[in-house]
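Colleague: Letter by letter, the chains look like this.
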Amino acid sequence: MSVASQDTAIRTGRVTRALIYLVLLLFALFYMLPLYVMVVNSVKPLDEITGGGMMNLPQAFTLEPWAKAWSSAQIGVDPTGLAPYFWNSIKMVVPAVVISTVLGALNGYVLTKWRFRGDTILFGLMLFACFIPFQIVLIPMARMLGMMGMAGTTWGLVLVHVVYGIGFTTLYFRNYYAVFPMELIRAAQIDGAGFFQIFWRILLPSSGPIAVVSIIWQFTNIWNDFLFGASFAGADSQPMTVALNNLVQSSTGVKEYNVHFAGAILAALPTLLVYIVAGRYFVRGLMAGSVKG
Amino acid sequence: MGFLDIDNTTKSYGAVEVLHKVDISVEEGEFLVLVGPSGCGKSTLLNMIAGLEDISSGEIRIKDQVMNGVHPSKRNIAMVFQSYALYPNMTVGQNITFGLEMHGTPKPEREKAMKDVASLLQIEQLLDRKPGALSGGQRQRVAMGRALVRDPDVFLFDEPLSNLDAKLRVDMRTEIKKLHQKLGTTIVYVTHDQIEAMTLSTRIAVMYGGYVQQLGTPQEIYDSPANVFVATFMGSPAMNVVPAKVAVEGGKPVAVVTLHDGSSVALPFSQDNMAAWDGRDIMLGIRPETITDEDAADRNSANIARMTNRIIVTEPAGSDTFVTMTLGGKDVIARMRSDADVRPGADFAFAVNMEKAVAFDPETEMRIAP
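Chains as they are written, first to last, in the numbering used here: chain A, 1 to 293; chain B, 1001 to 1370.
Each hint should be verified, as a subset may be incorrect.
Here are the simulated DSBU-like cross-link-like pairs (lysine-lysine), alpha carbons at most 30 Å apart as the crow flies [to be verified]:
#1 B:Lys1063 - B:Lys1115
#2 A:Lys113 - B:Lys1074
#3 B:Lys1115 - B:Lys1074
#4 B:Lys1178 - B:Lys1167
#5 B:Lys1063 - B:Lys1130
#6 B:Lys1130 - A:Lys113
Calculated directly from the structure, the hints in this document are not laboratory data.
Whole structure, please, built from the sequences with the hints as guidance.
Modeller: Spelled out as structure tokens, the structure:
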């Protein structure tokens, strides 16, 4: 047996290995190139960029473009920088992520542990929400927000994102809870726990991995959303993405590429941070529930 | 009126009835075991007592209170699940007191109850651990602690030992029996393991196909099985059931059974009423331990029959040796002393204790009452 296993063992030669690493390195470089361009150009004075040295390392290092992008760049009519819009985004993203995740968890709980007639059909319909293109709902959504008096407000945007995200979060939590042992729910029922007590005390504390998946997914999607932000936000509730667009697309004055690069990185930073902090739970959570036991 | 009454209770899913008119009355302090193969409805019945499944018709009463439609937490019952169902996010201590907390018991009382139960089950040193850090036997103890702390009227056990390895299972079985003797609680216990049923219970309900086949003490079930199913399900190895023909020799009824070579032997019945079956086919039930060699035959028995038959296989098991032979065209197992001189292929003189033999009607498979 040992002879056979030696024959079949995977043994790669040195040349093959070197080749594999070379290819991987090339791909890595290729993917890192845009980030490199953004980072080096965001710390250069403008004349170094307009002088044609896009790929060069900065000769005179400066954080001026970052400061300007954050607090004094011209966005639309006011020279406010991206800062107020950054907070607009936070004010929109945090409640939207929390509410859609909690609702998704509740839906998953009901769909798996409190089964009722037609629950699979209902779940199927909710899944539909994952496939509806944003553009289709723009006009009906605008009308509804108007009727509810939420047009142009941060809470209006929160509502839009919660409604849109519920399909995904429900899908995640339903599949996660589907393999959660029913006996635990029954034990809690005999112990006298009610519907919400079981949810808060038993189910949610065991939902770490899938909650991370839901939070990352929702955070990235909502933070990066431009269409809903551009369509439904008012002047004082515009999110970061819309402001970035206004910064970059402004047609007056000199195009300050270094400021644009710094602004773009600022806009991407929170999602990056979420991935770095919680990323390793992401795959774990996605895989959870797919394999029993 | 018993302590726990299951009164003409049925369970149906749509048009399919899975439990048919179950009628059991359990006295206070009794240890009732529901035993049967998977799908016989025993767990469904337990869940109905717990209130986790609706009752389709009939009544379940605990202390004369009708329980139909009463929420599980208000029935004053506690349940130990097959998977233990310990809350993974709570410590052992929190697991044990969760039920009390949900019922609004003040904290000092909860702590005291937890301490009492922990010392009873010897799990004091585990109270701060999470269930994930416990062994199977420890989890089992915690699950029982969680049930005990509520001081319920009725304990329900749903195959609590089937996730343990063989040795631990035997230990915990003794443990449960000790606990029952000490506390005198009323227990309904579900298992598919007939040895658990025999050893633990004060009464057994053998279930099959949604019917209670027989309800009785372990001894009644073992010695006087109501039908072929009960006879073969209870006991290990299973009771041998062989086709036989009834004849009357010298005024006494005998069972005529064919041996391995086609010749036949007459085994006299102890029950005189078998004479009424003269000339008819029956099924003869013989427990393996009642077929022995001459020396090991039961001296108190008034009816030892002899037969010489060929040994096909011998299986030494340490304390006993199991011997397989052909009787009535079927494989029949005898449980012999380990030092009996048995060799495969040899003819051997067996002694059959016919006092313990039972006869079944081949049509209905019911036992022919003596």
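Colleague: Each hint should be assessed against the structure and marked as holding or not.
Modeller: Hints, one by one, checked against the model:
Proximity of B:Lys1063 to B:Lys1115 is assessed by CA-CA distance (about 29 Å); at most 30 Å being required, the pair is judged to hold. With a C-alpha separation of about 20 Å, the suggested pair A:Lys113 and B:Lys1074 falls inside the 30 Å cut-off, and the hint holds. Proposed proximity of B:Lys1115 and B:Lys1074 is supported: the alpha carbons are some 24 Å apart, at most 30 Å. Of the supplied pair hints, the one linking B:Lys1178 and B:Lys1167 holds, its CA atoms being roughly 17 Å apart against a limit of 30 Å.
Of the pairs offered as hints, the one joining B:Lys1063 and B:Lys1130 is violated, with about 36 Å between alpha carbons and a cut-off of 30 Å exceeded. Note on B:Lys1130 and A:Lys113: the hinted pairing holds, with a Cα-Cα distance of about 24 Å set against a maximum of 30 Å.
When held up to the earlier numbered hints, the structure conflicts with hint 5 and nothing else.
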